[in-house]
Amino acid sequence: MADKLRTQQQLESMQNKFIGTGHADTTRHEWTSNIARDSYSSYQGHVPLLHYMSIGMGMPMEKVRAQCMEKMVLPVGPAPAVEE
Amino acid sequence: MANIQSTQAFYSLTLEAPSAPTAAVICNAIPGLKASDQQIFEARGQRIYLHRIIEENDRTVIKLQTIAEQDVFGIVRGVAAFRIPGTTMDQLVVSSDSGRVVLLNYDPERNSFKKVHQETFGKSGIRRTVPGQYLASDPRGRCFMLASTEKNKVVYIVNRNSEGGILISSPHEANQWASLTFATCAVDTGWEHPIFAALEVDYTDSDSDPSGDAYAAREKQLVYYTVDLGLNHVVKSWSDTVDYTANMIFGVPGGSDGPSGVLVCCEDRIYYRHDKNNPLCIAIPRRTGPTEDKERKRQIVAGCLHKARGTFFFLLQTEDGDVFKLTMEIQEGTSQPLEMTLKYYETYPVARQIVLSKKGYLYVSAENGNNKLYHIDDLAERPEVEPHNTFSSDGVSSDPQEPITPTYFQPRGLKYTTLAVDSPSSHPLMRTKVDNLTGEDAPQIYAIQGTGNKSVFKTIRHGLDVQEVISSSLGQIPYDNLWSLKHRSSDETHSYLLMSSTYADKTTILSIGDEVETLEDSSFLSNRATVTAQQMGHATLVQVHARGVHSILENGAINEWPSPSHRTIVAASANERQLLLGLSSSELAFFFMGDDGVLNQLEDMPEMSGKVTALAVGRTPRGQQQAKYAVVGCDDCTIRVLSIELDSPLEARSVQALSAVPTSLEVVEMIDPSSKTTVTYVHIGLQSGLYLRAVIDEVTGELGEVRTKFLGAKPTRLFSVSVNEQDSVLACSSRPWLGYNHPQTSLYTLAPLVTGQLEAASNFKSDELDCLCAISDGNLMIFSVPSIEGRLSSSTVDLKYTPRSMSRNPWFPVWYVAQADGNTLSEATKQSLLSSKPSEREEATELEQHIGLSRATGHWASCIQAIDPITKQAVTATIELGDNEAALCCSVVAFESKDWEVYLAVGTGQHLTPGSGKQSSGFVHIYKLLEDGQQMELLHKTPFDFPIYALMAFQGRLAIGVGADVFIYDLGLKKLLRKARGAAVPNQVVSLDHQGHRIICGDVSESLTYLVYKPKHNRLIPFVDDTIQRWTTSMTMLDYETCAGGDKFGNLWVVRCPEQASKESDEDGVGGYIVNERSYLGGAPYRLELRSHFFTNDIPMSLQRTNLVAGGQELLFWSGLQGTMGIFIPFLSREDVDFFSQLEQQLRTEAPPLAGRDHLMYRGYYVPVKGVIDGDLCEQFLNLTYDKKQQIAAECDRSVKEIERKVVEMRTRVAF
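First to last, the sequence lines map onto chains A and B. Residue numbering for the first sequence follows the numbering used here, starting at 1 and increasing by one per position. Residue numbering for the second sequence follows the numbering used here, starting at 1 and increasing by one per position.
FYI, nobody ran anything at the bench for these hints, they're computed from the structure. Glycine residues also receive a C-beta, built at the ideal position from the N, C-alpha and C atoms. Careful, some of the hints might be misleading.
As the list claims (entries may be wrong) - Covered by chain A, according to a simulated footprint, are these stretches of chain B (three or more residues, beta-carbon under 8 angstroms):
| # | region |
| --- | --- |
| 1 | 52-64 |
| 2 | 210-216 |
| 3 | 248-255 |
| 4 | 625-639 |
| 5 | 816-827 |
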């Protein structure tokens, strides 16, 4: 029993430390949001990729970056309603 | 034999480093310079640079010189510089993907960056919660903050100790769960506790609310984080809601310099916010003009602060490139700002960073195109100038909810600044193609580059540009050699120019003065060909001809030494004191000049083993009477080193066998970069066009460290010249090459001169000119080499819009370029909006060249141009596209059905909205090529359901990638006629290549698929695809089985088809095995094998198998979006692979990358490195200290010299 408790505590500390650490009831929305946020953050960090997108979209890099940042707020739309 | 790797390995080298800047900052990093003499610390890709602005006293010549450059093998994300109070120099901070922050200093002795501190704060890689995206440093130099896009922030406090050492604190974290950081900056608080400001959005509510109301009500906060220096922690001290569109913040000077606080830049407006002061707001002015959308809101994309003696201002740049000067009026007595004023300053290219130097220069590190340095003539301080372009915050509500009245300004050309330096850059490099259109011995690189109306078509050559001063015809006589002589050894300038023709047996003597004119009555012999001429002793002029030595003494007396009977002089060389002759009888004659100016002959005339073909004596070393060694080349393919000192005259010291007959020799003393001592080099030119360089051992006279390079098809002739105040060698083969020590890297560099073939060359020094003169194609040419720093020279042709693709006419030197710009007004719409007055139209067109194309959301401007880069060096035809079409790709196709007549096919997209995921359609246009390919005429357009991203000529027909399918079309009268169709890839075909019946398709996100075309059955059958999703940008076939490609994440990879699949696909008929093979896991029956993989930190846009130098081995050339040009050299032997991987391993541990990134992890960013050795890392060996070199050499069981030679030769053998 103690083992189980420790595992639980360890998992919780992981979840606190690292965003996106899953749990038994991770929903599809949580998971996809997390992936999408990772991606949008990565686009901003990799300058060549941001440059590539900015040329394709005909916009300055700072504008594309701000858009990526904004997309991170709600990347895959609102969470589905939970049925009681 | 455990260590057998069966597959091919590559050696990766960067030819041209990326030029696209990531970040830049002004700093005082070089000790001992004035405070106003600031430098620019810049990051580009994986390199960091320190530039210095160098100006002549009268500001006529301004240069942007790169002082130091270092490859850090990590993705540099931000740079900062700050001065710790009480120290004299700035600390440079680099944030990268290493999860570490490094503090650097510039080390002037080694001319490199020195690591002061390296602190680890997180995991490596670019992750959303690992700080590094944002970097801000306290203006008073007490601390700096790194922030990630989400949650984490870390602050380091820096200090100095009493010994002047720099101390860094442990990290102080300021983490906020579920909060996104949009921007950070440091708030200037004077000497109070430092504060960092951040723009943050909390997404907890939006994430959990299914209705979407919380998302609609989300707020952006301006948060202050105070660093409590006494308690050593960071606290969130203040936060307030700001306009939701805010994207950037700038700290306003505080303390005694200003009101403190921040500027919050939002869409359409700029706010001033501070916890202690009232807010202010001002609208960002919009452009006026007939083609401008009045409703379009601008954002600030870059900016910088200038602070000087109680005043300050900001320069803020909008997305159009317009720069505004923002000033603040502050209430006397308090620090409450009363008013903000925006004044339109200038329009510059959109910058990643604007940097202002105290010397009065503005550096624009441009997002696209050349980085520019402007000289500030005027700070726009007078309010009466351009009142219509000055705006005030008076009466503007600072409530974000209140609508703002837009203001408008009139853009114009440069007014307050002048362009000082336009430093050539190559980003964005859209496509390159290596081709030889001019018939030179080395191919040229053709590139399309740039965005908008600043795009260019570039012809790039390896070589140094020459500036021709004079070129005058020499008439009928084929001169083949020339010498420029001083009259007296103490003279500064040359007085005589001798030109000799062996064919005509004649010498022409010119005098150099104010003019260069023929000297009729000179004491030189003009009816003989000259073998060599030299000013010797104090003031004796010596002319050697076939029959003797003719010397003219200072008093005008003439001494003649006739050659022994039945013998002629075939070769001669002299320095200030010594003269060595080679006779036709293989004998050598040696002379020494006494102080009386008379040549004394040595009686002994030793005989050589073969006919003397070339000889050279070294220049007299400074402060000495005589040179130590002479080198003699004979027709038995040997060279001998002889001692020519008077106590051991003409004693043989060493022999070196060569691969061909030596035609020319030069002995030159040069500085050895590693030991900084003078070393005597012998340069050898061979009959076969080879060039060799060897070192003569000072004591024994042995030859060693031989380096070889093939220069061209003609015998190599060498001339010792002085360029940029250093002794260099000019080697003339089918083109001239200059050998010199590079001023930055101090490595010996051999670069061709971009000019015609030179017969002979010499220095030319008159009162006005200090340059070179040469005989070139029947002309006497006087020229200079302006810069020996760059290695590439280029010529450009301007384009109209962002180029997307290019294709070459197979018969004529004409290129076709498809160009398209998104969110830009098309030419037709623009013309309808412009006024009908021709003068105004002209004005508008001229202004557009400066301020850029007019923007319009959802509109596309596109055209196709034919370019002749060789003869006309201009655009020969332009066809504008209408209907909101955008040209995306083009290819020249010869149709078999039209008797192999050549047409241009252009694939377009209509109503494209990239990034939105909306489906759009496309067309393929076919153009007839007229007038030697210089004109185009539309034949017809065929509509498609998808935009066309790839097309190519395939067996006399046209293969088109339409969505996920490949179609083969033939040319009809009104439309293209579909001949075959095959489902190819899962998503969208973006690139095509073929060999034989095999077609390779690159998918936008799922790597490559190999197809085979079965002409008998007219079927396209996919048979191999890949296991990894590679977001292919470009690819090329290396051979029938192998493909090399690049993806959007910056990887380069080589994949190969399994043997079984390849065999099956080529079986005859369609009844064979391959069609009946079962699909494997929903894809093709077979999978590709990965052979090589390498991370480049640039998006490869073009790949090509080609050779780059005359006679060089074939290699894989690639070019990337950020301006990188690189090569993959296939290894020829197993031993080399072993050696270089050992060296690489040693370098990784002994000289770890500067920014703290693990090299192996970096090169294997997405997929572990495979089959590639990083040549850039291996070349770092050359820059190490001697101790480190020796240590590594010992580990590798080689000598330092041997490793150096191997590393250098790896590059020079095949590239530049």
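Annotated coverage of the region 52-64 of chain B by chain A, confirmed only when three residues or more have a Cβ within 8 angstroms: With 0 residues closer than 8 angstroms to chain A, the region 52-64 of chain B misses the three-residue bar; violated.
Coverage criterion applied to the region 625-639 of chain B (partner chain A; beta-carbon cut 8 angstroms; 3 residues): violated (count 0)
Report holds or violated for chain A covering the region 816-827 of chain B, Cβ cut-off 8 angstroms, minimum 3 residues. holds (count 4)
Coverage claim, chain A over the region 210-216 of chain B, checked by counting residues with Cβ within 8 angstroms (three needed): Coverage by chain A holds for the region 210-216 of chain B (4 residues, Cβ < 8 angstroms).
8 angstroms C-beta test of the region 248-255 of chain B against chain A, three or more residues: violated (count 1)
In this structure, the hints that do not hold are numbers 1, 3, 4, in rising order.
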